[in-house]
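Those protein sequence lines, which keep their order, are chains A and B.
Take 1 as the starting number for the first sequence in this note's numbering and just add one per residue.
Take 1 as the starting number for the second sequence in this note's numbering and just add one per residue.
Calculated directly from the structure, the hints in this document are not laboratory data.
Among these hints, one or two may not hold up.
[As the list claims (entries may be wrong)] Derived lysine-lysine pairs resembling DSBU-like cross-links, with alpha carbons at most 35 Å apart: (1) A:K349 - B:K200; (2) A:K197 - A:K264; (3) B:K157 - A:K308; (4) B:K100 - B:K128; (5) B:K148 - B:K200; (6) A:K316 - B:K124; (7) A:K308 - B:K124; (8) A:K316 - B:K200; (9) B:K157 - B:K121; (10) B:K45 - B:K267; (11) B:K85 - B:K148; (12) B:K267 - B:K318; (13) B:K45 - A:K392; (14) A:K308 - B:K96; (15) B:K267 - B:K212; (16) B:K200 - A:K308; (17) B:K121 - A:K392; (18) A:K184 - A:K197; (19) B:K267 - A:K316; (20) B:K312 - B:K212; (21) A:K419 - A:K267; (22) A:K392 - B:K267; (23) B:K318 - B:K100; (24) A:K349 - A:K419; (25) A:K316 - B:K312; (26) A:K392 - B:K148; (27) B:K121 - B:K96; (28) A:K308 - B:K281; (29) A:K20 - B:K121; (30) B:K45 - B:K148.
[To be verified] Here chain A is said to cover these stretches of chain B; the calculated rule only asks that three of the stretch's residues, wherever they fall, bring their Cβ under 8 Å from a Cβ of chain A: (31) 141-150; (32) 167-177; (33) 259-272; (34) 308-318.
[Unchecked claim] Sample of chain B residues with no beta-carbon within 10 Å of chain A, all distances over it, derived: (35) T119; (36) F187; (37) L287.
Every residue gets a Cβ at the ideal spot worked out from N, C-alpha and C, and that includes glycine.
Here is what each chain is made of, one letter per residue.
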Amino acid sequence: MELNTYQQEAFNYQKSNIEKFGKKNLFWVIFFLLWISVGGYSLYLQISRGHGVTGMRDNVVWGLFIVNFIFFIGLSYAGAIISGLLHLFKVSWGKPIVRLAQMMTIISVVVGPVFILLCVGRFDRLHHLFIYPRLQSPMTWDVLAILTYFVGSVLFLYMALVKDFAVYRDANMNIPKWKQKLYKILALGYRGAASQKRHLIISQNLLAIIMVPLSIIVSSILSWIFGMTLRPGWHSTIFGPYFVLGALYSGCGVLIVAMWVYRKMYKLENYFTDKHFVYLGYIMMVLAAGYGYFTFSEYFTNWFGSAKWDNEVINKLFNPEAYGWWTLFANVVGIFIPILIVALPMTRKPNWIALVSFFMVIALWVKRYLIIVPTLETPALPMQDTRMEYVKYSATWPEWALTFAGIATFLLFFTLMSKFVTVVPVSGLEESEFNHHHHSNNPAVEPAKNA
Amino acid sequence: MKEQEINDKSRRDFLKNVAIATVATAACGSLTCSCTSNKTAVSEKVRLLSPDGEIVEIDSAYLNHQEHMAIISKLEAREGIAGKKFVMVVDLARCKNARKCITACQKWHYRPEETEWLTVKLLKDSEKAAPYWFPKQCFHCDNPPCVKVCPVDATFKRQDGLVLIDNERCIGCKFCMAACPYSTRVFNWNEPELPVEIMKQQYSAETGIPAKVGTVEKCDFCPDRAREGMLPPCVEACPNGVFYFGDENEDTVTNGDETLSFTQLIKDRAGYRFLEELGTKPRVYYLPPKERQFPVERGYENLPDNIKARFKDIMEEKAK
């Protein structure tokens, strides 16, 4: 597998990350595993004692789990759309970040669905989804959508990795035999022959063309689990695009944060440059404006229309004694501040952008909570129940433990993957005007020819 | 022609069965006592009053046991009772929140005290409107939002109009609960505590017994009793005849005391369906609380404190 000088340098620079695991990483892996084991214990409790250990009850039938499901699955769709579009439009500055986006795609599509399974009362009957499927149900659509999407995103990531696997195979690295062998198998005998190149690029193009609309479709289907019901705050025609935009937006934020973390951890300043933060920041700003616009449309039409049931939910969202402060947080931290920080040249810096992205991601998680819980707490008939846990949802520690276990799994996979593949893809890398390489004397303006 | 015959026959059967159920109630005060009577006991004739006002003599062996004995096939439980179209009419003018319906329902279905398939709400439609008691069970909608969203066909609509749940198929995703606009469905959050003999009983979607952890359940209009010609326990237990249960095909509903024409009743009393605008087409009709038989306070004063607390807000507001 031949690399040009720039790509070779990029590989040499990152080689040690694959060769050595490092004490720091080991610490994190153990830390994540501990979190996951706490989650495992909670799961055991939930299975052995029933869903009574969660805060979910007959009115609020779904809680943190479905919020996490929407959140993670959204990240996945965002990763696929972002990497797909970067690929299709041949965005040369996007090359170094494609891998991160695709890692996010694949990891979240593994973590996300676990959370919808946690909402299911009978694990032992999951096969019923396949032996008694009912196509009328949005839940069945979602099962089909996620499975299709899963296959698509695995292939998409893999196709993008083949060339790199060939590089790792040929690199003569100081790695254990099994790893060497695995690279050899995964490289599929890729040697960079003209026909191989052509086939690979066609496959990648096709997959990108499939994955972008597929992500939009599956994201909409996810929203229809809620949109297809008759409940205020859910039964909305804009729910499909609203969820697509929310997914893209939060995914963009996670991508920025991941970029910042890896840049620090592996000193990748030459690949994840300041410009990358600024450019992704611009994309984030546009998405923020779009998401804000959708949110405003939702709230405004419901409030102005002032139908009784709709207004009950709106009143809860804006009442400081109910969810008012959270709504404020979700919209200020989740929409206004990111726009402001990127808009002002003074704060248009990697650290600032990463910081607001981090809080924006949290705010978007809260936003999903605000979409799910207040609506479920507002049935058409008054609850008239004296059991407080039935009236108002409050997540229990097993739910939080499993939530953090999900986040830990997400981070664990990121850590492990960054030890298996280079975070910046090397084979397709192009030197662009803002990748000032520290060894280069003359920053090349011309992009590399081989792609 | 043939169908007409069948309908006529089933109509007669139904009326006969209703009569039996009614007289059984009349004879024993409550059907619970018939549970103790044994079919193999020395048969004796009992003279009872039929719904038509005639005195009839019936062999006591025909009085039905209060047991969940209708063991029918899974397919039958999914198809429903041929020729029937069950319907219920709830007379809001008569309800005083006596809560006998709830107790009877809980008992028949072995439900724990706090899990109510049938519940009584206190509704107040607008600021100036007078509050009224509103008994609510499953509406068995003809366009059921719950059935639409079930991913595994665990909840289904039958030809006799009933919406039932097969809790041996239910995966417990709770989508139906989120979709039901009437908060009808309840979930078994923990392992249900049931008597041993009930635990052992063969499950049928028509009885909903035994309940299973991690699955959804709800009011089923007691089709097992309908097969035996009995009225649901809520209908029988109501001291004020609030609930009329019957068959839309026969155009007959009865509350145990009187048997009326369904269409006539709806017409005369301006029957309506709750939240008609949602398009779910409920099979439960309400008669507006006009010319009420009881002041609303009657259903509040003597309640135990924990239940009183449910309605406190509205009652206190009214007292002002």
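Hint-by-hint comparison with the structure:
1. A:K349 - B:K200: violated, 68 Å
2. A:K197 - A:K264: holds, 34 Å
3. B:K157 - A:K308: holds, 30 Å
4. B:K100 - B:K128: holds, 29 Å
5. B:K148 - B:K200: holds, 32 Å
6. A:K316 - B:K124: Holds, at about 20 Å.
7. A:K308 - B:K124: Holds: K308 of chain A and K124 of chain B sit about 13 Å apart, inside 35 Å.
8. A:K316 - B:K200: Between K316 of chain A and K200 of chain B the Cα gap is close to 46 Å, so the pair fails against 35 Å, i.e. violated.
9. B:K157 - B:K121: With a Cα-Cα distance of about 26 Å, the restraint between K157 of chain B and K121 of chain B holds, given a limit of 35 Å.
10. B:K45 - B:K267: violated, 40 Å
11. B:K85 - B:K148: Given pair K85 of chain B, K148 of chain B holds - Cα atoms ~20 Å apart, limit 35 Å.
12. B:K267 - B:K318: At roughly 31 Å apart (the allowed maximum being 35 Å), K318 of chain B and K267 of chain B satisfy the hint.
13. B:K45 - A:K392: Violated - the C-alpha atoms of K392 of chain A and K45 of chain B are around 56 Å apart, more than 35 Å.
14. A:K308 - B:K96: Holds - the C-alpha atoms of K96 of chain B and K308 of chain A are around 27 Å apart, at most 35 Å.
15. B:K267 - B:K212: violated, 42 Å
16. B:K200 - A:K308: Violated, because 47 Å separates the two Cα atoms, which is more than 35 Å.
17. B:K121 - A:K392: holds, 18 Å
18. A:K184 - A:K197: holds, 17 Å
19. B:K267 - A:K316: Cα-Cα ~40 Å, so violated.
20. B:K312 - B:K212: Roughly 34 Å separates the two Cα atoms, so the pair holds.
21. A:K419 - A:K267: Answer holds: K419 of chain A to K267 of chain A is near 15 Å, not above 35 Å.
22. A:K392 - B:K267: At roughly 41 Å apart (the allowed maximum being 35 Å), K267 of chain B and K392 of chain A break the hint.
23. B:K318 - B:K100: Roughly 25 Å separates the two Cα atoms, so the pair holds.
24. A:K349 - A:K419: holds, 28 Å
25. A:K316 - B:K312: Answer holds: K316 of chain A to K312 of chain B is near 21 Å, not above 35 Å.
26. A:K392 - B:K148: Holds, at roughly 27 Å.
27. B:K121 - B:K96: holds, 11 Å
28. A:K308 - B:K281: holds, 21 Å
29. A:K20 - B:K121: Violated. K20 of chain A to K121 of chain B sits at ~66 Å, over the 35 Å cutoff.
30. B:K45 - B:K148: Violated, at roughly 49 Å.
31. 141-150: Holds, because 4 residues of the region 141-150 of chain B bring their Cβ atoms closer than 8 Å to Cβ atoms of chain A.
32. 167-177: holds (count 8)
33. 259-272: violated (count 0)
34. 308-318: holds (count 3)
35. T119: Non-interface label on T119 of chain B violated, nearest chain A Cβ at 8 Å vs cutoff 10 Å.
36. F187: violated, 6 Å
37. L287: holds, 18 Å
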